[in-house]
Amino acid sequence: MRPVLTKAFADVRRHRLQTLVVFVIAALAITVGAMGGTLLVQTSSPYDHAFAELSGPHLVAVFDARKVTSSQVAATARLASVAAAAGPWVAAEVPFEKGGTHLTATASFSQKSTLTVLGRDDPRGNLDRVQIVSGRWVRGPGEIVVTRSFAIGRAILVGDRITALGTLDKSVLTVVGEAVDVDPNPDRAWVASGLVASLNPVDAPLSYVMAYRFRVASSRSDIRADLNALEAAVPAGALANYSSYLDFRDSYNFNNSLILTFLLAFVVLAVGAVAVIVANVVTGAVLASYREIGILKAIGFTPRQVVGVFVIQMLLPALAACLVAVPLGAIASKPLLDQAAQALSLPPSSPFVPIVDVLVPALGISVIAAAAALPALRAGRMNPVDAITTGTAPLGRYTKRRIGRWWFPGQLVLGAGDAFARPVRGGLTAVAILVGVATLVFANGLYSAILKFNDLFAQPNFQVTVSRLGGYSDPATIEVLQRQPETNLIVGVRQFAAAVPGQPDPVPGTIFSGRSEQLGYRIAEGRWFAKSNEAVLGVVLNPYHWRVGQEVAVRVEAENVRLRIVGTCYCFWTLGIDWSTYAAVAPNAQPVDYLVQLRPGTNVDAYVTRVSAAQPDFLFPEAISSGTGLNIEAILDAMVAALALILGAIAGLGVFNTLLLTTRERVRDIAILKALGMTPGQVTAMVTASAGVLGLVGALLGIPAGIGLYRYLIDAMARLAGFSISSDTFASAIDPAHLLLVALAGVLVALLGAILPARWAARTSVVNVLNLE
Amino acid sequence: MIDDLSLQVDEGEFTAIMGPSGSGKSTLLNLVAGLDRPTSGTVTVGGIALAGLSEAELARFRRSHIGFVFQFFHLLNNLNVFDNVLIAAQLSGAKEAASRVRTQQLLNELGIGAKAREYPAKLSGGERQRVAIARALINRPAVVLADEPTGALDTSTGEQVMELLVALNQRGQTILLASHDLKLAGRYTRRIINLRDGKMTADSQPLDTGRK
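Chains as they are written, first to last, in the working numbering: chain A, 1 to 773; chain B, 1001 to 1212.
Heads up, a few of these hints could be off.
[Said to hold, decoys possible] Derived list of chain B stretches under chain A, where covered just means 3 residues or more per stretch with a C-beta under 8 Å from a C-beta of chain A:
| hint | segment |
| --- | --- |
| 1 | 1023 to 1036 |
| 2 | 1051 to 1059 |
| 3 | 1070 to 1081 |
| 4 | 1084 to 1094 |
[Claimed, not checked] Okay, the calculated bits of chain A under chain B, using three or more residues with CB under 8 Å as the criterion:
| hint | segment |
| --- | --- |
| 5 | 674 to 683 |
| 6 | 759 to 770 |
Keep in mind that the hints were calculated from the coordinates and are not lab data. Since the model is a prediction, treat every value here as computed from it, not as a measurement. All C-beta atoms, glycine included, are put in the ideal place defined by N, C-alpha and C.
Build out the structure end to end from the sequences listed, making use of the hints.
Structure (structure tokens):
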């Protein structure tokens, strides 16, 4: 073993550049692998992680305090189906305004919100824990804890003050903490338990909120059965609302699946590119050392010892790389983990995952060891004399070429021919560039698809939404809005749920009153509804795969209703119907929110201020921002930028290494050509031409590969999310001009990788190389 | 290394540079070819002063004024015989068609025309050296520099190569030959310059040229 280690260490010291290249490539590979592995593990089932960590409930039930007592609600914890319960907590829907004073004249869209306020003295407990991420929990009156998502969305910091509206005394509360739990709804807050009643708006009902873990709750049917038992245990109509963990998980998984799909694709691409380059680097280094191998064997090294020399030579920088790359990968994943957690309203995950931190470097080391061992094994079996006299691995038959008639300058033709003189090496390098180009094509397509997505789902033609709270009536609301001269159109809306016979989950929908067809929702197929019992489907979520032209039977407010699907639209709600359809089953219902279309040229903020001032306590106007707020863009942007940089570096290093090996093998030829009169500039051009060919081949193949990948992943994402749209919808997102730029980028990266080897080749000493002394 | 050497070689001369290993023979040829630069003094070939020429200018000078024949041939293994010679012409920018004709002519003259499509690995040492000579001559250089051209050949083949060089010289080609073989130099060359430790120790006519 000693001679093997002596030779290996000596080679590491002597071939410093090669050692550095292996170190950098291994470090990049393991960093990307560790980062990707950490992200995959920590974001693959974020809701499940949070659910376990925070002891999430299977069900959160909201009881109407007018129809049930706190004791009756607490007694439901003793039902046979209940394994654990927490609560009841008193709750109220409280309008708030940002700031410590009630400034009616300055109300803008971001300053008023309605929060579900729960009275809870302790965030811990055996069920439905709340995790403080900033500040502390409430200790008494005058304090409030808000969700982190709410704080970020409204730019509220710990220490800020918010004013509770809806009561005469307008209590001012100080935000003492930000928290997260397993409920994705951001508009929630917690106060001391005795404070809720004093914040509750006049005439608005209080609620009791209870959290449950059931003995059997793995499916929606189980949840349904558990709900039935709860309803039976309280007075009729007391159970006002509920949310199950399955709904939360689906919501998280919807967003998360998008992130995960693309993350997985990027990690696979990155690891693939790196594996190709690593194999290229180590294989090339071994192939170039045949003479040395022959000498080793001639002096007595066994084939196994020869293999050992090369494997150790490659493993030493790789092991050093692990020490740097594993913590680097964990650190690099932290911002993305934090962003993903924030986007999913979950607590941040740890960037250190033991299994990833062990497996990824082990895998990397194995790949490098295999890549070194395989060609070394071949060399180890060579006859020592042949190895010495050959000097380097024999070139393939495709190297024999004729100069022929040179359409380009001769040095470019020579260089281009050298690109695939070693087909495997050239092929691997071209593949690395192909992967880089394909990734860029895909990333560019993805970004354009997101833009197109936002365009398709762009805000329809209304500029303000107004929420009506408590006892303030619909006619009064309409009257306030119609008094504003800028009001052009008012459409009242209300959410509803349509139960589908035979299906466990109701279909959520929106009811529109007024001339809703003028709101300008973008129609994908068919038309907007024009009369009763017609419905429009949103393209995003169509859980029961209804089609245009289909008649469906649903139950709304416990009444049978037949709906005819007349169209689909780029909307985020599932089912849209006219108010006349709903009025037939719920004649006393009123809209809860109002979509207001303004006249052109209206100052929206001024309009919102005026409406807010007209009824500051019960009307909450909000200006609509453009876009759909697809908040994964930032995460994807960061991922794409990071991986594009890494892949570009890897591809460039791959070309660098290939040309380094090639010029080393060709040093004699280069010296001869220089002796014959090839100028340094022509030598540089010759070497650079090799890189150009590799870059061009990689780029030309990478573009269709990237387009194919883009279409496959967009379709996969749509399938995962249950979308009824596909990559065809976004096909036009790929701009041919961008493709050309990406192809040029691939060639440019290759040329950049050629700079140093080309300069070194141009400086070849004819005298030294040809031993002319 | 070379130490205080002044030398003039006239057009049409066949001069041998003799000396033991390390005497500076190859260094002298390298200086004439522009592959090396003197630390002091000047080198002028065909009226062109090499001092002050850039690397690229030296390369251009070399391709059109110098033909180099190496001891170990130094052919390009990936090119066949024809292309090994042609590449030198293409580097000098000569017209393609004319270069091709001249290449085949030279190969025929040197007795290896039939091997034009073979690759160097398939040739004998003597045949490779003939290819190297053809490559050295393709651009009609002012000077042919031959550095131990028979060093890697057997005696008989070496003599054949030397006779080729003599024939070239008889047609007016200036040749500078580096060799440690006095017998060979005495037989084939017209002038012998002896070097020792970089200094010229003798400049004389050989006693027996052995030439017709």
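Taking the hints in turn, this is what the structure says about them:
no., hint, in the structure
1, 1023 to 1036, "holds (count 7)"
2, 1051 to 1059, "holds (count 3)"
3, 1070 to 1081, "holds (count 9)"
4, 1084 to 1094, "holds (count 6)"
5, 674 to 683, "holds (count 9)"
6, 759 to 770, "holds (count 3)"
Of the numbered hints given earlier, the model fails none.
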